[in-house]
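Chemist: This is what each chain is made of:
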Amino acid sequence: MEFSPDFRDPSAAQRYAAAIARQISQPWTIMEVCGGQTHAIVRYGIEQLLPDSLTLVHGPGCPVCVTPPDYLDHAITLAHRPGVILTTFADMLRVPGNQGDLARARAEGADVRAVTSPLAALALARANPDQEIVFLAVGFETTAPAVALAVHQAASEGCRNFSLLVAHVLVPPALTALLAAPDNSVQGFLAAGHVCAVTGTTAYNAIAERWQVPIVATGFEPLDILHGIAMAIAQLESGRAEVENQYSRAVREDGNPAAQKLLAEIFDTVPRRWRGLGLIPASGFALASAYRRFDAEARFGAIPVVEETTTPCIAGTILRGQAKPRDCPAFASRCTPEHPLGPTMVSSEGACAAYFRYQRTHVSSGHG
Amino acid sequence: MVHAVNLAYVPEAVLGDQVLVHVGVAIAVIDAAAAARTLGYLEQLETTGIED
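Sequence lines, in order, name chains A and B. For the first sequence, the numbering used here assigns the number 1 to the initial residue and increments by one for each residue that follows. For the second sequence, the numbering used here assigns the number 1 to the initial residue and increments by one for each residue that follows.
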């Protein structure tokens, strides 16, 4: 991206850090919601630049990580059906379900294919009219518009061999769930800029007001994140709790109206279970009744809810911002990106993968 | 490398615009003037201090 070098200027980062340190008068805890932001923070060592009185906690904004394992089990079962091509994003292939992962299913002979877009899955359906193409759709409000487009196109083309396992989740209800937890320590949020590009910032107004927390829509470059932190600290220090927009080059107050319109047509908002956070009311998308014929559950049978198997993985605690990857005894020993015990070590947006890749040997600065 | 990008959600985009793309679909047109303003915030922060 053309602007990126400017938003990665190390001397400007130092100046931001100094300005934040000058203004902070007491300890504050801020959560960056999105896994992409977590990666930038860990990769560029942003926490090490910041004063000890500021704690950054990593949020649940990793769609791969919050998808319950039974979706993976169901996808694996479908992948083994003759005539089915199971498609999903590459990150999903190595996420452990209760019974192995999609990569293992592929090794056992199932037709599992990674795609970079739901539109590519639809193209596969066109090219293979005698096979059933199932797309395992995960992601937040950022990804759902592309899926809505694929469903809309499939409907207008009369496509009969394309269906979806929909595991889409929504950010604002998850923030509410975190804030409502009795042990919540988060005092301000950096909201995920790309999600806000779709939803707009108004989606967060009620949360900022009800819970009296600053929410700053923030981008993903190092200076974006430092800027977002500076804006959140300014609010906290002055006792304000508002929705602000750091990422104005991509986020409008009302978001993307064309995307919102199609989302409302294709999907209904439903309760959804999250890995680590449990059942959250009105926190997911499911296909609306007019599009139910594209629902893989309607076509092949509903997802059986499977009791989660016991695992040493603490992904749930990490996704709630209550632990850091290095707090886990399995981190970088029994659990690595080669042999992940849980989703936060697999995904390119997972906190454990970020720490493993960038800070495995870093000495903690004491507050991190 | 050249990728096809679906522009259905950015009807306002014109030739020469940068767009934010997620899984093959553009979800926003990048506002270059806003980007420049964002980069100017640091100086404002250093001159006026953080409390507005």
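Don't read these hints as lab results, they were simulated from the structure. Keep in mind it's a predicted model, so treat the numbers as computed, not measured. Heads up, the beta-carbon is just placed ideally off N, CA and C, and yes, glycines get one too. Hints may contain errors.
To be verified - Facing chain A, according to a computed beta carbon distance under 7 Å, are these residues of chain B, among others:
| hint | residue |
| --- | --- |
| 1 | 7 |
| 2 | 9 |
| 3 | 20 |
| 4 | 23 |
| 5 | 24 |
| 6 | 25 |
| 7 | 34 |
| 8 | 35 |
| 9 | 39 |
| 10 | 40 |
| 11 | 41 |
| 12 | 45 |
| 13 | 48 |
To be verified - Examples of chain B residues lying across from chain A (beta carbon under 8 Å, computed):
| hint | residue |
| --- | --- |
| 14 | 6 |
| 15 | 11 |
| 16 | 17 |
| 17 | 22 |
| 18 | 27 |
| 19 | 30 |
| 20 | 38 |
Chemist: For the hint on residue 24 of chain B, just tell me whether its beta-carbon gets within less than 7 Å of chain A.
Modeler: With a minimum Cβ separation of about 3 Å from chain A (threshold 7 Å), the hint on residue 24 of chain B holds.
Chemist: Have a go at the residue 38 of chain B hint: is there a Cβ in chain A nearer than 8 Å to its own Cβ?
Modeler: Cβ of residue 38 of chain B sits 6 Å from chain A, so the hint holds.
Chemist: Taking the least C-beta to C-beta distance, is residue 48 of chain B closer than 7 Å to chain A?
Modeler: violated, 10 Å
Chemist: Given residue 30 of chain B as an interface hint, is its Cβ closer than 8 Å to any Cβ of chain A?
Modeler: holds, 5 Å
Chemist: Next item in the hint list is residue 11 of chain B. Is there a CB on chain A closer than 8 Å to its CB?
Modeler: This hint holds: residue 11 of chain B lies near chain A, its Cβ roughly 7 Å from the closest one there, short of 8 Å.
Chemist: Does the CB of residue 25 of chain B sit less than 7 Å away from some CB of chain A?
Modeler: holds, 4 Å
Chemist: At a threshold of 7 Å, is the proposed contact between residue 39 of chain B and chain A supported by beta-carbon distances?
Modeler: holds, 6 Å
Chemist: Please check whether residue 35 of chain B passes as an interface residue: C-beta within 7 Å of a C-beta belonging to chain A.
Modeler: holds, 4 Å
Chemist: Hint check: is the beta carbon of residue 45 of chain B less than 7 Å from a beta carbon of chain A?
Modeler: The hint holds - residue 45 of chain B has a Cβ within 7 Å of chain A, the shortest such distance being about 5 Å.
Chemist: Identify whether the interface hint at residue 6 of chain B stands, where standing means a beta carbon of chain A within less than 8 Å of its own.
Modeler: holds, 6 Å
Chemist: Should the hint that residue 9 of chain B touches chain A count as held when the rule is a Cβ pair under 7 Å?
Modeler: holds, 5 Å
Chemist: Do the numbers back the hint for residue 23 of chain B, that is, is its least Cβ distance to chain A under 7 Å?
Modeler: holds, 5 Å
When held up to the earlier numbered hints, the structure conflicts with 1, 10, 13, 16 and fits the remainder.
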